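**Q** Letter by letter, the chains look like this.
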Amino acid sequence: MTDPVTRPKTAPVIHNAVGPAQPAGLSALPRNQWLEVWDQFRRHKGAVAGLGFFMLMLLAVGVGPLLWDIDPKYIDIPARNAGPSLAHPFGTDQLGRDTLARMISGGQTSVAVGLMAMALSLFLGTLIGVLAGYFRRLDGLLMRLTDLFLALPLLPLLLVVIMLFRDTLRSAFGPETGIFILIVAVIGMTSWMQTARIVRGDVLAIKEREFVLAARSIGTPDRRMITRHILPNVMSPILVSATLGIANAIITESALSFLGLGFPSDFPTWGRLLFDSTDYLQQYPERVMWPGLAISLSVLSVNYIGDGLRDALDPRIRGR
Amino acid sequence: MKLRTALRGAVAIAALAPFVVPIVAPTMADAETQTGERGRDGEVKIIYWQAPSIMNPFLSGGTKDAEAASLVLEPLGRYDQEGNPVAFLAAEIPTIANGGVSEDLTSITWQIKPDLKWSDGTAFTSADVVFTAEYCMDPDGGCAQLAKFEGVETVEALDELTVKVTFKEPKPNPYLPFMGGQSPILQAAQFAECMGARAPECTDANFNPIGTGPFTVKEFRPNDVITMEANPHYRDPSKPAFATLTLKGGGDSAAAGRAVLETGEYDYAWNLLLAPEVIANMAAAGKGTPVSAFGTLVERIEINLTDPSADLPEGERSTLTHPHPILSDGRVRKALSIAIDRDLLVEIGYGQAGRATCNVVPAPAMYASDNTDCMPQDVERAKALLDEAGWTDSDGDGIRDKDGKKLSLLFQTSVNAVRQDFQALIKQWWSDIGVETELRAIDGSVYFGGDPGSPDTFQKFYGDVGLFANNFDGTDPEAYLAAYTCEKIPGPESQWQGENINRFCDPAYDELIAELGRTGDLNERGRIAKRLNDMITKDTDIVLPLVDRGRVSAHSNSLGGVILNTWDSELWNVADWYRVK
Chain A
1 MTDPVTRPKT APVIHNAVGP AQPAGLSALP RNQWLEVWDQ FRRHKGAVAG LGFFMLMLLA
61 VGVGPLLWDI DPKYIDIPAR NAGPSLAHPF GTDQLGRDTL ARMISGGQTS VAVGLMAMAL
121 SLFLGTLIGV LAGYFRRLDG LLMRLTDLFL ALPLLPLLLV VIMLFRDTLR SAFGPETGIF
181 ILIVAVIGMT SWMQTARIVR GDVLAIKERE FVLAARSIGT PDRRMITRHI LPNVMSPILV
241 SATLGIANAI ITESALSFLG LGFPSDFPTW GRLLFDSTDY LQQYPERVMW PGLAISLSVL
301 SVNYIGDGLR DALDPRIRGR
Chain B
321 MKLRTALRGA VAIAALAPFV VPIVAPTMAD AETQTGERGR DGEVKIIYWQ APSIMNPFLS
381 GGTKDAEAAS LVLEPLGRYD QEGNPVAFLA AEIPTIANGG VSEDLTSITW QIKPDLKWSD
441 GTAFTSADVV FTAEYCMDPD GGCAQLAKFE GVETVEALDE LTVKVTFKEP KPNPYLPFMG
501 GQSPILQAAQ FAECMGARAP ECTDANFNPI GTGPFTVKEF RPNDVITMEA NPHYRDPSKP
561 AFATLTLKGG GDSAAAGRAV LETGEYDYAW NLLLAPEVIA NMAAAGKGTP VSAFGTLVER
621 IEINLTDPSA DLPEGERSTL THPHPILSDG RVRKALSIAI DRDLLVEIGY GQAGRATCNV
681 VPAPAMYASD NTDCMPQDVE RAKALLDEAG WTDSDGDGIR DKDGKKLSLL FQTSVNAVRQ
741 DFQALIKQWW SDIGVETELR AIDGSVYFGG DPGSPDTFQK FYGDVGLFAN NFDGTDPEAY
801 LAAYTCEKIP GPESQWQGEN INRFCDPAYD ELIAELGRTG DLNERGRIAK RLNDMITKDT
861 DIVLPLVDRG RVSAHSNSLG GVILNTWDSE LWNVADWYRV K
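Residue numbers (this note's numbering), protein chains in the order written: chain A, 1 to 320; chain B, 321 to 901.
FYI, nobody ran anything at the bench for these hints, they're computed from the structure.
Fair warning: this is a prediction, and the values are worked out from it, not measured in the lab.
Some hints here could point you the wrong way.
[Unchecked claim] In silico negatives: residues of chain B with every beta carbon more than 12 Å from chain A:
| id | residue |
| --- | --- |
| 1 | Phe-487 |
| 2 | Asp-631 |
| 3 | Glu-667 |
| 4 | Asp-715 |
[To be verified] Just some of the chain B residues that point at chain A, by a computed CB distance under 10 Å:
| id | residue |
| --- | --- |
| 5 | Lys-488 |
| 6 | Glu-597 |
| 7 | Val-766 |
| 8 | Pro-775 |
In this text, a Cβ means the ideal position worked out from N, Cα and C, and glycines have one as well.
Excised from the complex, chain A in its bound form:
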């Protein structure tokens, strides 16, 4: 509350949103709210490092294939089990496939699955959480639905879903895209429950606060109320579960590959690479390290980003 830029002399403005006094002092310094968030975010060193690393990772898997054009599926038997060299900076696997190329191509899938599934579960979780928290009539129904999903054993559910829809999606979109859609949908639809519960709790608390009451008293419709007053205030728990969601999605995807339900076995993902290398842990430990590092570092960096964002978005912490 000490920042001279954000807190001009004409402070009463806040207390009277409908009053005519509003523009008076602020017009001189039209400071965007997001710039402010960024200012705060920058102070969190871990978050900045995490963001930097994650961007680098996205860049590597996005632009990497243009620079490193070895086919990740090409089997070169004479070159198998090779250590790092100029031709293969990360070495090759037991069939002579280039590990760097496989890491890049696996990263594309893993990161894409992680982000998309996270987005889906976040959307579902937030929607259900806000609706349940805000509308009393929907609360019981939606929360029992959440309980139902939490109580469902995940694995048998996945088995059934994949069994039912695999062939349909495969013939509609081809084996790889079809499975991608299926996996993103399956992971997204089975991991929204925690988000929904947290969001509902926060919405319930915020709903009773004075500023919401005030807004209601001037006739703000529910739609505006939710988007303008409730959502921005529950942003931080949502972001935290988003960061956890990415990690969760990457790990679930590799578990599915392990069960033979995920992508085809020669389609590299970080989880698949890790699983394939565990057999060679003793002879070629570096082969486990690459995908292991990639998974843990991206999960860690995303967690730091989430941490920094939470601090930056919370007006009570901001500025401290």
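Fit chain B to the supplied structure of chain A, relying on the hints for placement.
**A** Chain B only, in chain A's frame:
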């Protein structure tokens, strides 16, 4: 990394260099060391990573127990390393030719070697053989080897040294009772009180059976160590070469391998279930030699002759109503077969524990066809075959097509590191000849689970080609080959049960199987079995055998006479083992 690899290579070469010599040496030493006084070579130490817990194979289904017992107890006949029957306590193997097996295949008459003695000095007679059959067939007994006596009507002693086994119906393969390490002869005098329900109570007899084999039990500690000494009444006065034998049980496969190959503490390690690279690293220490032998386990690709397309209604997918649009053509199947480099698959997946094969029945020698039609890899011929079949790449995308349909296959297998490597390799070879392959790996318990509700079982075969391994018990392939007859085709009406997953149906094949069931002469049986094998491999290519998977054991470089055998106990010829000097 490079340095480490280089160092390891240097160590391996250094270790292997002195070890080239002994490979030649034992063959020369054979003749001189095999004769001499009994017990001249001191002690031999054997390690089994599964510890024997009983010395009576009739009371245990475990291989480890039957193998430990085979040091002491002997059957009338055993199978040698080729799977051929050899006489042990019998004077010769009865056949139709020598009159031992009756013309109508309902009885077999064994002639016992004269002057055989048990290790307590008493005479071995036909009464002991009859007793053994009664012991195992006792309805209260719960004999673990009862299957060996299936269909036996009577076992009678014709005189002191002659035993006749009569079957309820004609038995083309009468060599089940009293043959092999799982069906040895017990001494009637020792086990007389242990019939039926009392069998497990005779602890002393079960732990220290009196036998005719080269060794007798001195001390038996269940699930730990067995110490043995040479049988003073063994029929060959110059055998065994070792005075004492220690059989240590327990630990794991890697530790057992290390004890023989790396540290040299033990002379023989049984069944090393280890990755080829791990065994090679151990062998580089130079103390011992891994040996491999091959049974009937064959890793193969089975081809679906019916259409598994998801566009077909449920209940019609993968059934005889819709022949496969691509794989019904034998030329395509042949092309897929010869595009595969089987030697490379062996090198990558199994090392010493595998060898390339083109046959569904790779052994025993009597039944194994000499077909090597699928080797070597011939990409040009494969391409020519596909061209001939009308599959050409008309749109230039690298994948062949015909009438607007792409030459694209769904390749299923179970989740297993070696199988996934095989899938990736085969996919690349097939893509070289213009075949697109989609890989699918299914959890083993689902794939082999046989649940009619699951679309992913190997019986349902909602894929075009499937990779897995299969084998048969014992030495006779009749039941195994009969899996490819028309009546064994799985389908919705049979709840998707049935072994003929290729949906192969050829009346000539069925006729030949029926003929095999009527034939008793071993040579004739061999001829028919080879013909059947060729019909499903080189003639039609509905099965693409890849690798004959064997078993690896290890012996120290100073132990001679080891002949690894997958048809009988690995210790079947322990009487002939000796110390290389």
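**Q** It remains to establish, for every hint, whether it holds in the given structure.
**A** Going through the hints against the structure:
Chain A leaves Phe-487/B outside its interface by the beta-carbon criterion, the shortest separation being 46 Å against a cut-off of 12 Å. Not every CB of chain A lies more than 12 Å from the CB of Asp-631/B, the least distance being 7 Å, so the non-interface label is violated. With a closest Cβ-Cβ approach of about 9 Å to chain A, Glu-667/B is found to fall inside the 12 Å limit, against its non-interface label. Residue placement check: Asp-715/B keeps its beta carbon more than 12 Å from all beta carbons of chain A (closest about 17 Å).
Violation of the interface hint for Lys-488/B is found here, the shortest Cβ-Cβ separation to chain A being roughly 46 Å, above the 10 Å cut-off. Taking 10 Å as the C-beta cut-off, the interface hint given for Glu-597/B holds, the closest approach to chain A being about 6 Å. At about 8 Å, the closest approach between the beta carbon of Val-766/B and any beta carbon in chain A falls short of 10 Å, and the interface hint on this residue holds. Residue-level restraint check for Pro-775/B holds (minimum Cβ-Cβ distance to chain A is 6 Å; threshold 10 Å).
Going through the hint list in order, the structure does not satisfy hints 2, 3 and 5.
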